[in-house]
Amino acid sequence: MSETPAEQPGAAPPPPDSEPPETFAARLSARYRIGGIVAPLITTVVAFLAGGIVVGATGHNPLSTYRAIFNGTGLNWLFPWVSGADRVDAAINLQQTLIQTTPLILTGLAVAFAFRCGMFNIGGQGQYLVGAYVAIFVGSSWAHLAGPAHVFLAVALAALAGAVWGGIAGFLKATTGAHEVISTIMLNWVAIWVGDYFFGLSGPFQGPDQFNPISNTVADSAKLPVFWGDPELQGLHVGIFIALGALVVFWVILNRTTIGYEVRAVGFNPSAAEYGGISVKKNYFRAMAISGMFAGCAGAMDILGWEFNLSTPAIHASSIGFIGVAVALLGRNTAIGTFLGALLFGALYVGTSTRQLDATVFDPQLASNLTLIIQGLVVLFVGADLLIIGIWQWRKRVRLRTRQPAG
Amino acid sequence: MAASPVLELRGITKQFPGVLANDHIDLDLKRGEVHALLGENGAGKSTLMNILYGLYRPDEGEISVNGKPVTFSSAKDAIAQGIGMVHQHFMLIPVMTVAENIVLGAEPTGAGIMLDYGAARERVREIARTFGFQVDPDARVENITVGQQQRVEILKALYRRADILILDEPTAVLTPQEATELFGILRSLKAEGMSVIFISHKLNEVLDIADRISVLRRGKKIDTVPRAGVTEEGLARMMVGRDVLLRVEKPPASVGDPLLEIHDLHVLDDRDIAKVRGVSLQVRAGEILGIAGVDGNGQTELVEAVTGLRTSSSGTIAVAGKTMPRHAHSRAMLDAGTGHIPEDRQRRGLVLEFSLAENIALHDYCYPPDSEHGWLFPRRLIQHARRLIKDFDVRGGGPTTRAGALSGGNQQKVVVAREVDRNPKVLVAAQPTRGLDVGAIEYVHRRLVTERDEGRAILLVSLELEEILSLSDRILVMFEGQIVGEYPPTATEEELGLAMIGAGKEHAA
Amino acid sequence: MKKRIFLATAALAVLALGVVTASYAAKSSHAAKAAKAATTFKVGLNTDIGGLNDRGFNHLSYIGLLRGAKQLHIKYKVDTSNSSADYIPNLSSLAEQGYNLIICVGFLQEASCGQMAKKFPKIHFAGVDMNAITDFTKPKITKNFEGLIFAENEVGYEVGYLAGLEAKRLKGTTVSSVGGIPVPAVIRYIAGYQAGAKASDPGVKVLNGYSQDFVAQDKCKSVALNQISQGSVVVFQVAGGCGLGALDAAKEKNVWGIGVDSDQSFVNNKVLTSAQKKVDVSVYTAIVNLYHGKFAAGNNLLFNAKNGGVGLGKINAAVPKSEVAATLAIAKKVAAGTIKPPVKCSPNPNC
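Residue numbers (my numbering), protein chains in the order written: chain S, 1 to 407; chain Z, 1 to 509; chain R, 1 to 351.
Treat the hints with care, since some could be wrong.
Claimed, not checked - In silico lysine to aspartate or glutamate, EDC-like type, Cα no more than 16 angstroms apart, as pairs:
1. R/LYS75 x S/ASP230
2. Z/LYS202 x Z/GLU232
3. R/LYS118 x S/GLU232
4. R/LYS118 x S/ASP230
5. R/LYS75 x S/GLU232
6. R/LYS119 x S/ASP230
7. R/LYS70 x S/ASP363
In case anyone wonders, no lab produced these hints; they're calculated from the structure. Treat the numbers as computed from the prediction; the structure is a model and nothing was measured.
Next up, chain S with everything else stripped away, as it sits in the complex:
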């Protein structure tokens, strides 16, 4: 999938006399072009090397640990020579990996889409949560609906809720100039505490068990069907196809519609977009709403796919929206990159789960911390990746500051 006609490999030498582009998105995109696809790969490899050093420092064999993690992701299921009980385990693990990948694709897209319009959507978490709340409400209260209608309505309204939540930030930016980073962060907290109130003790949507801060459980008719694995063992639900479809939608909107054209123009250069007759304000609002739609849909996938209810501690502990930022950055805000990033983080989450580590080798205290360390390192290096390209760029600019090659 090539993103735009412009991004053909080896397109051109550096611009002879261009000033640095003015938006963050444009600057980043310039950096990404320099980093190519090598930089994210190096990032990932370096993160795992650093993780290996940590594992080694605790007196364990990094290679066998990574082997355990890899097998834990279930990706070994793709190898035809894995058979018997191993294959069964691999299948179960791969189901879990893909369950995690599903919302990460969507929250990653929520970040990526806003990014393509020059905005940094840190509000994926809030948009995800309001989507989840609406999915719970629709899924648990309108049980008389027929299955497909119920599922469709729950997903659609959840996506709409996410769109509203994201749209608020876009609206504020368009009308008052409020920076979307600040407003989306605040909206995250609003979403978290609204959920805390909804499902907390004596909250309006607390579930039947009056003693625990847990929401209602969605009705069977609203659950996404499990198509691989045992529904009772949290098998893989069809939400993964919705997420994959969202990737296609993302690509098509951006590259094959006038909406996407406007989004990209505003993202790279709002002044030029305005000059071109594009309303920058309208695009800020619209792009944030579309972003929120993806994230809200992610919330519905989790609720209708495997979680079925929410407890207030789970609301506070959830970080799907934030990992979405790392997914999008690692994935370079492209469709294919977001998919790979989501798969990496989903696999990492499942692969580093303590259940994958041999209890006789890893002390439980160590195992639980080690998994967090390896995940943390990858997130850290995703950030460092930008830093490294940034430094690389900066050095080059110092040396070639006023360079004007002939031709």
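Go by the hints and put chains Z and R onto chain S.
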């Protein structure tokens, strides 16, 4: 004047990936001369000077100062050898005073580590006196004019005891008056035995100030010639490699109905300061109306109001007889038949990260054939771009090349192609040749005349008087947001220059 | 041959095929594993999202598991849950590997634990702080599930009795409690506490406030400071980590604080005593019992004053000997069952 060179470059070669920026260049600089380095954008002038200033290392060749071979590994080494450089973009700290900026990095320390600011200020005064500079050492840099800032940069070099001064396109940011003052300063530096390398692509000023002229083209030195006996045409031929038409040849205008009518227009800038104060004008089909003026006298705001990029506070704008609503967005203006070659093609005119095809669709992406019912057809964009690239002779890339990868002249061609191809009734051209080299300027000028003859109404805004004079059928001078006079194209630069600073005689508009 | 097919088929088809093979294989391998498991006794434990180092019931459960495993020389495995997505995979993975007893810690995974108990009827499940008698969840909790619950009201009564004595001695009018979130365990503590205080000092006023949090210390501190300003001379914290803030407030205002769950006399010198809830004992007991063939099938193991599952912590040395003796005497009566502290407050049942 001593004949032995103070600076000598032998066989300087610098290779960048894919580009041979300097190809065995020889150059020598005599004591007390102004040596102009002339070439189109991208000819390798700046690369050569950056090598000389220690910012790049040459792949081959050697530099000698006063007959001694030297190698520079940083600007510090160059400064130590008495070389000073004034960049196009000043490197000054706005909130500090002139004296503080001058001594920055070479602070005189009195007792111990304390900065002896009194001594610094005294030396700055002394140097300024010697060379006849008018600069207040205690003024803050943010409060002085661009011309004065440039003098601060020169003082900075002199303060560091430079006797070789490199000026990189120094007049690009100056008004004609300021440029004249600069040349005065350069002459007094010359008289004091300083040597100056003067980088430019403007023929007239090179002929004005230089003693000798070296011409670069595509990384190679074409020739070094003395001032005496060269003509603008001869230099242009050396720069471009072919004959260049420096004078715009245009038939007399055949004027039609007014297509752009502006009445009593008032416009505020971003800080709510009135920048356009009651401008009324008409541009008729088939004429070029030039607006002259010193930068910052409301031209930018006028253009933005006419193109819908800024809301006017009062007054009316009518395009082809139709009065536009006051809040008309750029889209409404485009649809009414306005085309716009913006003054900053990189910030306004192009999305540098977009392909040429996408840039060419910037106005009409939302109409067939580019799109239908919201669906975009990239293939049609590419077809359209392919045609324009051919028709307008855009070089350096195809429809899918990133706009940012093109040279400035070709970028401008893309902008012009897009605007003209939309067949606008009114074409607003704001500084259409800014930063372009001779060949590209010639092209843009010819094209504007062609478009005039097609019956468009062209509003030309430029800071280059020569451009205004050679293209316009009528000239308006703008000063402090008002039209202060109308002149025929036969007016002299002096007449216009005086009007531009508010000292002209009021002509009947 | 099947391998070849996997290789040759496109991705979606592979997935679909995988469903079929995987679910068939799952059954057979489960049976095989269960058969093998009979020879060895293994215990698994799954934390909730609080993780192992929560200094609360996850941690204490782990301590109890270690003690049982060491004493019986059995194999064990601990899984931690980073999010609620881990509950079912963790529990089913332990079940598939044939762990004889799986301990689920904390109410958050009650539904998942119940579901897994139903799914794996041959495996025994024990739920810390889960009640097997009342049906909290769908599906109904099964015969292979036992709840590990505590008579918090009993130890609440004991510390309340001492609090009342001290209020009387210090001429205070009021004692108070700072609850986290009003879950049943917290309510039982407070109900017992209030009844105990009124038993030793019938005129005492009892206050209670919830911080709505188990973690943020500042919230509990502000609730406690508010109570102290209303005249409380003893503050009982019933809010885990958050409650440490309440103990801090007591120290600051020079009144008594009472610790909860573990012995918190180490926190500061104004800790009067602690109401201990020995989650480690409960886990240990569940393991040892099952090892010896005892299991509260479909029922609860109650940990109370009588079996030492709850009890007083260290009593502050500044307390007069007579009061210590009186409190210990009351504790004996509670253990003997002659005093039955209430499990709900009155008039407001949720305190």
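Structure-based check of each hint:
{"no.": "1", "hint": "R/LYS75 x S/ASP230", "in the structure": "violated (28 angstroms)"}
{"no.": "2", "hint": "Z/LYS202 x Z/GLU232", "in the structure": "holds (9 angstroms)"}
{"no.": "3", "hint": "R/LYS118 x S/GLU232", "in the structure": "holds (10 angstroms)"}
{"no.": "4", "hint": "R/LYS118 x S/ASP230", "in the structure": "holds (14 angstroms)"}
{"no.": "5", "hint": "R/LYS75 x S/GLU232", "in the structure": "violated (27 angstroms)"}
{"no.": "6", "hint": "R/LYS119 x S/ASP230", "in the structure": "holds (10 angstroms)"}
{"no.": "7", "hint": "R/LYS70 x S/ASP363", "in the structure": "holds (14 angstroms)"}
Consistency note: the structure conflicts with the earlier hints numbered 1, 5.
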